[in-house]
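Asks: Here is how the chains run, residue by residue.
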Amino acid sequence: MSSRRSRQQSGSNRISDDQIIELVSKLRQLVPEIRDRRSDKVSASKVLQETCNYIRNLHREVDDLSERLSQLLATIDADSAEAAIIRSLINQ
Amino acid sequence: MEGNAGGNKRRRVYSVEAKKVAQSAFTRNYVNYLIPALTKIKNQNTTTTSSDFKNVKYEVDMAMAFSAEGFAWSHGLKLKLLQRDEDEAPTITTEKASSNPSLKTSSDEDEKMKSELSSLRKLIPGGEEIVDEEMVTELESYISCLEMQVNVLQCLLSLS
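Keeping their order, the protein sequence lines are chains A and B.
Just so you know, we're using the working numbering here: the first sequence kicks off at 1 and counts up by one.
Just so you know, we're using the working numbering here: the second sequence kicks off at 1 and counts up by one.
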């Protein structure tokens, strides 16, 4: 890192270099896109960008799954479904 | 930057066991919340499919918020949901991201970083309130909880 401006910043909106380094290194492990690439050449801003994309994808997936779940609710019988769900989750 | 309050959050070594325990706790809490909630929705017998989706989505989000206590994002999510419950309108995310003009001359890369970081903040519920020291823990927990949530939902769907 060439620019080591480790100035103590009081405002919570201005993040220090150290924190960025830590954040980026943690994100490298969390985001599959980057973790699986195993390349240290991914720039910090790319890591942040990929993280944003990843989170947005997860949000979309949750929405989609909720949509399907709500459709499912309309078609199944409540009591047997609950029992079946709980049974199979316990069995896992 | 030494000597920060909340030493636990700065712990860099995460044991695998602790993570697994946290994961199973999340999943258990999530299922415990969601299934009765879904049953309740089912039994209410709402007529429109759109309100079904809204209700289900609400409970899905609530399950997420309640399954991981102690994080800024889970708190922010709860607030957002409760507010939505009150006024039935999509919450307006306050654009409180870093609008302070930088005192130091920033390079282009710095600017890009800052804007990416603020985009990231907006994606996390209550992200505007999260201080920088907590960003790491918050992001880590939020992302892994999102992943677990997807797994649980897929699991529930595959049971039909």
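Please note: incorrect hints may appear among the correct ones.
Below are the DSSO-like pairs computed for lysine-lysine, each with C-alpha atoms no more than 27 Å apart in a straight line [claimed, not checked]: (1) Lys46(A) x Lys112(B); (2) Lys80(B) x Lys54(B); (3) Lys54(B) x Lys20(B); (4) Lys42(B) x Lys20(B); (5) Lys26(A) x Lys114(B); (6) Lys40(B) x Lys80(B); (7) Lys78(B) x Lys40(B); (8) Lys57(B) x Lys78(B); (9) Lys78(B) x Lys42(B); (10) Lys40(B) x Lys26(A); (11) Lys42(B) x Lys80(B); (12) Lys46(A) x Lys122(B); (13) Lys114(B) x Lys54(B); (14) Lys41(A) x Lys26(A); (15) Lys122(B) x Lys80(B); (16) Lys40(B) x Lys20(B); (17) Lys78(B) x Lys122(B); (18) Lys42(B) x Lys26(A); (19) Lys41(A) x Lys42(B); (20) Lys40(B) x Lys57(B); (21) Lys20(B) x Lys78(B); (22) Lys78(B) x Lys54(B); (23) Lys20(B) x Lys41(A); (24) Lys122(B) x Lys112(B); (25) Lys46(A) x Lys114(B); (26) Lys26(A) x Lys46(A); (27) Lys112(B) x Lys26(A); (28) Lys57(B) x Lys42(B); (29) Lys54(B) x Lys26(A); (30) Lys42(B) x Lys54(B).
It should be emphasised that the hints constitute simulated quantities derived from the structure, not laboratory data.
Asks: Each hint should be assessed against the structure and marked as holding or not.
Replies: Hints and how they fare:
For the hint linking Lys46(A) to Lys112(B), the alpha-carbon distance of about 10 Å falls within 27 Å, and the restraint holds. For the proposed pair Lys80(B) and Lys54(B), the alpha carbon gap of about 14 Å is at most 27 Å, so the pair holds. Between the alpha carbons of Lys54(B) and Lys20(B) the distance comes to roughly 32 Å, so the proposed pair goes past 27 Å and is violated. With a CA separation close to 32 Å, the supplied pair Lys42(B) and Lys20(B) exceeds the 27 Å bound.
For the given pair, Lys26(A) sits about 17 Å from Lys114(B) by alpha-carbon distance, which is consistent with the 27 Å threshold. Between Lys40(B) and Lys80(B) the CA atoms are separated by roughly 22 Å; this keeps the pair inside 27 Å, and the hint holds. This hinted pair checks out: Lys78(B) and Lys40(B) have alpha carbons roughly 20 Å apart, not beyond 27 Å. At roughly 13 Å between alpha-carbon atoms, Lys57(B) and Lys78(B) fall within 27 Å of each other, so this suggested pair holds.
This hinted pair checks out: Lys78(B) and Lys42(B) have alpha carbons roughly 23 Å apart, not beyond 27 Å. Among the hinted pairs, Lys40(B) with Lys26(A) is inconsistent with the structure: their alpha-carbon atoms are about 39 Å apart, more than 27 Å. Among the hinted pairs, Lys42(B) with Lys80(B) is consistent with the structure: their alpha-carbon atoms are about 24 Å apart, no more than 27 Å. Under the criterion of a C-alpha separation no larger than 27 Å, the hint pairing Lys46(A) with Lys122(B) is consistent with the structure, at around 17 Å.
Distance check on the hinted pair: Lys114(B) and Lys54(B) sit about 34 Å apart at the alpha-carbon level, beyond 27 Å; violated. A C-alpha spacing of about 15 Å is found between Lys41(A) and Lys26(A), which places the hinted pair at or below 27 Å, so the restraint holds. With a C-alpha separation of about 13 Å, the suggested pairing of Lys122(B) with Lys80(B) holds against the 27 Å cut-off. Distance hint between Lys40(B) and Lys20(B) is unfulfilled; the C-alpha atoms sit about 30 Å from each other, more than 27 Å.
Restraint check for Lys78(B) and Lys122(B): satisfied, since their Cα atoms lie roughly 16 Å apart, inside the 27 Å limit. At most 27 Å may separate the alpha-carbon atoms for a hinted pair to count; Lys42(B) and Lys26(A) exceed this at roughly 41 Å. Pair hint Lys41(A) plus Lys42(B) does not hold up; C-alpha atoms about 50 Å apart against a cutoff of 27 Å. For the proposed pair Lys40(B) and Lys57(B), the alpha carbon gap of about 14 Å is at most 27 Å, so the pair holds.
A threshold of 27 Å between alpha carbons decides the hint, and for Lys20(B) with Lys78(B) the separation of about 24 Å falls inside it, so the pair holds. With a C-alpha separation of about 16 Å, the suggested pairing of Lys78(B) with Lys54(B) holds against the 27 Å cut-off. At most 27 Å may separate the alpha-carbon atoms for a hinted pair to count; Lys20(B) and Lys41(A) exceed this at roughly 30 Å. Note on Lys122(B) and Lys112(B): the hinted pairing holds, with a Cα-Cα distance of about 15 Å set against a maximum of 27 Å.
Distance restraint check for Lys46(A) and Lys114(B): the Cα-Cα separation of roughly 12 Å lies within the 27 Å cut-off, and the hinted pair is therefore satisfied. Between the alpha carbons of Lys26(A) and Lys46(A) the distance comes to roughly 14 Å, so the proposed pair stays at or under 27 Å and holds. Taking the CA atoms of Lys112(B) and Lys26(A), the gap is near 19 Å; set against the 27 Å cutoff, the hint holds. For the given pair, Lys57(B) sits about 14 Å from Lys42(B) by alpha-carbon distance, which is consistent with the 27 Å threshold.
Restraint check for Lys54(B) and Lys26(A): not satisfied, since their Cα atoms lie roughly 34 Å apart, outside the 27 Å limit. Of the supplied pair hints, the one linking Lys42(B) and Lys54(B) holds, its CA atoms being roughly 13 Å apart against a limit of 27 Å.
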